[in-house]
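Trainee: Chain by chain, the residues run as shown.
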Amino acid sequence: MNRRDLIAAAGACAALPSMVGAARGQPVPIGEPVRASVSFRVNGAGHHLELDTRTTLLDALREHLKLTGTKKGCDHGQCGACTVLVDGQRINSCLTLAVMNQGSEVTTIEGLGSVDNLHPMQAAFVKHDGFQCGYCTPGQICSAVAVLDEIKAGIPSHVSADLEGAMAVSEAELRERMSGNICRCGAYSNIVEAMTDVAGRQG
Amino acid sequence: MKFDKPATDNPIDRLQVVGQPRDRIDGARKVTGTARYAYEHHDVAANQAYGYVVGAGIAKGRIASIKLDAARKAPGVLAIVTAKEAGKLNKGKRNTARLLAGPEIEHYHQAVALVVAESFEQARAAASLVEIAYAPTKGTFDLKKVKDSGKKPEGDDPSLDDTNVGDFPGAFESAQVKLDQSYTTPDESHAMMEPHATLAAWEGERLTLWTSNQMVAWGVADMAATLGISKDNIRIMSPFIGGGFGGKLFLRSDVLLAALGARAAKRPVKVALQRPLMINNTTHRPATIQRIRIGATREGKITAIGHESWSGDLPGGGPEVAVQQTRLLYAGANRMTAMRLVELDLPEGNAMRAPGEAPGLMALEIAMDEMAEKLSLDPIAFRMLNDTQVDPEKPERPFSMRQLGECFRVGAERFGWSRRQARPGTMRDGHGLIGFGVAAAFRNNIVMKSGARVSLDSQGIVTVETDMTDIGTGSYTIIGQTAAEMLGVDLYKVVVRLGDSAFPVSAGSGGQWGGNSATAGVYAACVKLREAVAQKLGINSGEAVFEGGDVKAGNRSLPLASAAASGPLTAEDTIEYGDLDETHQQSTFGAHFVEVSVDTATAETRIRRMLAVCAAGRILNPKTARSQVIGAMTMGAGAALMEELAVDKRRGFFVNHDLAGYEVPVHADIPHQDVIFLDETDPMSSPMKAKGVGELGICGVGAAIANAIYNATGVRVRDYPITLDKLIRHMPDAA
Ligand code: FES
Ligand code: FES
Chain D
2 MNRRDLIAAA GACAALPSMV GAARGQPVPI GEPVRASVSF RVNGAGHHLE
52 LDTRTTLLDA LREHLKLTGT KKGCDHGQCG ACTVLVDGQR INSCLTLAVM
102 NQGSEVTTIE GLGSVDNLHP MQAAFVKHDG FQCGYCTPGQ ICSAVAVLDE
152 IKAGIPSHVS ADLEGAMAVS EAELRERMSG NICRCGAYSN IVEAMTDVAG
202 RQG
Chain X
19 MKFDKPATDN PIDRLQVVGQ PRDRIDGARK VTGTARYAYE HHDVAANQAY
69 GYVVGAGIAK GRIASIKLDA ARKAPGVLAI VTAKEAGKLN KGKRNTARLL
119 AGPEIEHYHQ AVALVVAESF EQARAAASLV EIAYAPTKGT FDLKKVKDSG
169 KKPEGDDPSL DDTNVGDFPG AFESAQVKLD QSYTTPDESH AMMEPHATLA
219 AWEGERLTLW TSNQMVAWGV ADMAATLGIS KDNIRIMSPF IGGGFGGKLF
269 LRSDVLLAAL GARAAKRPVK VALQRPLMIN NTTHRPATIQ RIRIGATREG
319 KITAIGHESW SGDLPGGGPE VAVQQTRLLY AGANRMTAMR LVELDLPEGN
369 AMRAPGEAPG LMALEIAMDE MAEKLSLDPI AFRMLNDTQV DPEKPERPFS
419 MRQLGECFRV GAERFGWSRR QARPGTMRDG HGLIGFGVAA AFRNNIVMKS
469 GARVSLDSQG IVTVETDMTD IGTGSYTIIG QTAAEMLGVD LYKVVVRLGD
519 SAFPVSAGSG GQWGGNSATA GVYAACVKLR EAVAQKLGIN SGEAVFEGGD
569 VKAGNRSLPL ASAAASGPLT AEDTIEYGDL DETHQQSTFG AHFVEVSVDT
619 ATAETRIRRM LAVCAAGRIL NPKTARSQVI GAMTMGAGAA LMEELAVDKR
669 RGFFVNHDLA GYEVPVHADI PHQDVIFLDE TDPMSSPMKA KGVGELGICG
719 VGAAIANAIY NATGVRVRDY PITLDKLIRH MPDAA
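Heads up: the sequence lines are chains D and X, in that order. To convert, note that position 146 of the first sequence is 147 in the numbering used here; the numbers rise steadily by one, no gaps. To convert, note that position 30 of the second sequence is 48 in the numbering used here; the numbers rise steadily by one, no gaps.
Extracted from the complex, chain X is given alone in its bound form:
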């Protein structure tokens, strides 16, 4: 199905099942421990052996020698794989660094060997006997130090280009009120709870992989490319994924090593990346240095807005696209953005939940707060003065829908924003200085081609198959709801099967495109199935109403199941998109409100309240969508207050590479969270009229916390995370 005209009325609009806060259909399996994750498929292949990964002990250089004798002789060892043993390997197109290093080492903890043994304990013990001598070479690890060597990112992706509209330098120079500030965000880790894990089994030429991957088709393609085998010989199954956040978008070393280990040991092999290896072995969100300049009239109209960002990555990698939102969020005739990329020899930087906008808004939305203060304007009023309904770079291009103002209005009322004191340090409760903070949330809506297969059997059971993944997002449930709505059956009549490369290729889970695109693909397949059903029943498909398990037309009513009486009916289709996302800017919007308390003696920040108001198209399931938003707000709270990969600038690695050292929010850090979804349907996005919501919640929330801390203390911290050591020396007199 081609979606190239705005959606009109369709069966989804009935909202009998879609749009309802249904419990997750996979919920009972998850709470009983019967949902199987990648490392847990004990019964799918006999005689599974265990792999243990050895990571490089230097950041850059070469392996001078590698001695495997002792490890080979260790009890239980079946095989050892190194680059030498593996022979020629290519690199998948989405990987920057190789997944198995040697002799060249590109980053610390890059995998250099896999030891396969009868048991996990034996593999681990033998791995410690692998003896490697390195010849290190000098690497570059300090973004700040080499910032000025940054180059314009290469490639033909126009979103990497510098942008210039009007006369930014002139307008900024002559602006009545100006801000010119720098902000930094650190390297961050996805730190999903399930480590990357894979079980690999060969049957002749055919390789089956049970893994944990957000993008099944990308995994197949990159695995085929890496091994130099045909895609047809690879099957990936990823039915449950214990969190991804972008860290499982791409093929990682667990997949490749399990496959190579299984080939060497001639047995199925499973590999889970050891937690202390994960952070340096896999990808992370790169640190940024950002400079923001805003010029405005005395009344608060922005006349010039500029955003530059510097970040680093391995040679061949890309920048953190932190300036993206600044091109679209606020009006202003004169504007510029630019990104500069430096080469660093740290582990590979790549997408983490809301790449670009998450760190970009952490900076921009502090800058807006600072500017509002300079103008003596309320921070919401300042933002509303510069709201826009059109793409500020191309005023002829409207937003498909933009309710940013309504988000702020509704949020301000619910939160009690009017109680905020503009002067910092004036609200107190016991030992705490109280502050309110606000920030805009903004994230683009991306549409992706997505396919599905739907079938109906004689019992009236509808089965949906697509390689779409559920990374905690609720895909199982919203896909089930979509099929139930389209075919007029109860949700429990729908079976949803996901994450298998044998199924039609879907949008996959990433960039908050999954929910809208994958359900739209299911919608398309269901339209076809409805036609097949109508034809079978001798009903004009244009008149047919699917409802209550029946198909009705005029005064006729037949059970849906009867269409499959003589055999199951199956339909497959793919939703493809025209240019509605070019003629209209499709984005999602929100407003974050936060109340903090900062201890007058210790400068410890506690979040007391959090509210997000979101306008993100039709909400397909308010219960699971709300969970997406609160989860993202939680991750944003981590980014604001604690998350930071500490770089060892001499040896070139992230020092705090486990869950003890890399702090993420825990229960005690997070208060009750409120989420309000504005009533919205966006006919430009898809027949579902939905947009993404999984990343919107992390966008801006960090700055809302930073602004609340400023409001509480009068201390403006521009380098995340805002830990107490950055506050304590500047805290107002406790008296």
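In isolation and in its complexed conformation, chain D is listed as follows:
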């Protein structure tokens, strides 16, 4: 494809901005997928994958490593169901391509704890019934773990009164920081209780 084709294709799209799935003039043929290799660690185990470069970290986890604990709610960074920890920071795994994570240390819900050995946050979610259908839950829990760390590290949020110094584990802070994780079942009130419980125990 040359530059002129690209402009023509873009023009055809622009002419019909809302015709999703509709005729788009001349379709641009697609070549064989570009593949690349990537290595990262997931929950402590090393993985080397050969992937179509379009594969998101989310799909690498779910479809290639069969770690389906991380959920796909929207695939567009709108819901937080796919939240995992990459090098200790929470991230929407649908918004990062797998190949961008070379050398990373990824922690998913499966890495936090297991049925017989729950992470304190997982146990608190069960105790406070911080979920219903369970589909947003792995993302909520990964976020919740990261949020407590962020507060501890003194990273301010939109509702922090002071940008410096110690942050409080207040309900307002928790709610603000968790707002990227949608729960349509509406377990918010219980999730905040679970987090407060864990934060209290962490001291």
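The set of hints was computed from the structure by calculation and includes no laboratory data. Note that the coordinates shown come from a computational prediction; the quantities given were computed from them, not determined experimentally. A portion of the hints provided could be inaccurate.
With a straight-line Cα cutoff of 20 Å, these simulated SDA-like cross-link-like pairs (lysine to any residue) come out [as the list claims (entries may be wrong)]:
(1) K20/X <-> V523/X
(2) K641/X <-> A124/D
(3) K67/D <-> H59/X
(4) K20/X <-> T601/X
On the provided structure of chain D, position chain X with the ligands as indicated by the hints.
Mentor: Relative to the frame of chain D, chain X with the ligands by itself:
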């Protein structure tokens, strides 16, 4: 078991396990990510391929031509399914629009093709190469504009009929105090977190579907009808469902397309509806325009009450039954209700959590607030003046149980209702105007036939199997609690297996009927198993007491497990209902209390407190039931403040069709929520003496928020959602 007489004492009344706030038995699996949802069954069928759905780009018309060459040649593509490739398909009886369109298009994003490829990325890329030319025709998309063309809904369902009791026009005309107002509620989306998803695998004639469906038996029946194959050749498994709210009651395009794709590709195929496709492809709660008229004496006795509602749907669809609650909630000798349905070419309207009552109470309970103000009565006092213990249309028919007054009394005390200032705009805290609002919650209790199989093995493990689903409601847990109570064992001794069409047909999850009906089915099967156990142990089943893992009679005590020493014992039964729900009106009641703060400068509303007091029969598990109620209150808060599918009235589709555009409540929107359950057992509902509670919490809460906003600001908004643009021009002087 036939349930046709009020329940008397039974083993459930011991409440050793039932009624206890137990943690969910599937909780550990959900919090560790090991509960498997529909798209995640990697190991059940080898060689799974990926499907990607193409949705129609017009709302109405025809496909003029469809070119698949480029897509077919794209790398990794295994098959493409369109209506032409699929051949003859029928329509399931619960679907209004077809699940695979072509050449006719009935609504925007109706599925027109499925591209199957080796990988998700390849299927997605190839789907963009499907070239479709459309011949659009003119559609109707604007409810308000065509409202007057509305017709009486067709069909023999009596709940769709107009109702008239006494002389409504005359009584309204001559009433001393009158209200005549219109209210609107917008189209809303279930927006459950797990997209509709299915893995389909054929083995010869037999089709196995791992899917996300609230009503397994309906899914089997409608799938068989759609494909024109025998029900016996279809198995559906739906063990975990990432939310449904009515959006997964019916067969949807993911199921059909996965099956057709798997047939075409000769491989198992999985399909998840892409999030931006879901809202227009699937069903939604239809918008309503409602008119309410209330006439009362100067003292506040309602003499006339009328409720009309207009809504739209595709040809062959039904209305949003928004007038239902008005037939039952308040007294008044002269009354009328009517629904009018217009044909719209928007996507299919259908049930969403508390269909009818949710939007109906959003209107009625504002009207009651307005009327109380006209009468200079406290809104609770006005409601209590018009409370009734009998069906107002048929006074000879009592409610099985109705504690609406007690809900308000308990709630008012807990909430501190006496601190409310009747005059709007008089309470302030910093930048916020503070308001209190109240509304009644009301939702009928529906009983449904429900079956289960229960078995006991030599280790004393009890296994329950039923096609009942757990959509987050806690079915696993309350079913386990029921079996544990009936057989006198600990909850951890019970294994619960759900959502498989190979199991006995249950009530399924919908209309808040699931919890009571499905546990009643398990109760019935357990009664049979108890008889089999007693017989095996040579004990008179009438005397047998099942307790602590033993079966006792007189001074004999034998381990329960010993009954299965020579092989497992299994019993199966179905609970069926007589006419107790006709002789008695069975409903659930509640009172919502809300405190809001509305910013004096920006008119932004923040909810500060929420309390619901519920009277809904026996609460089988206060922990999971409470979650149902707070979840519903949260969805109701969304309906009050933000949720609205924006209709493109020229092209005929919902514009904000993803989770960025369709706003639902997030953590920051929801304060701590309080729920109180009144102590209640309803012997008319089932041997469990329980009623539904999963939808009660959304009923009325939107109006309580609207009323709180009015109390805070003096601005009465009658068109939901109450966004700040509707308030700001009318806000009282900030000074
Ligand atoms: S799936 Fe990644 S944010 Fe929704
Ligand atoms: S638990 Fe269902 S979406 Fe959060």
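Trainee: Each hint needs a verdict: does it hold in this structure or not?
Mentor: Now the hints, each set against the structure:
1. Under the criterion of a C-alpha separation no larger than 20 Å, the hint pairing K20/X with V523/X is consistent with the structure, at around 16 Å.
2. Between the alpha carbons of K641/X and A124/D the distance comes to roughly 15 Å, so the proposed pair stays at or under 20 Å and holds.
3. Under the criterion of a C-alpha separation no larger than 20 Å, the hint pairing K67/D with H59/X is consistent with the structure, at around 9 Å.
4. For the proposed pair K20/X and T601/X, the alpha carbon gap of about 16 Å is at most 20 Å, so the pair holds.
Violated hints are absent here; each numbered hint is respected by the structure.
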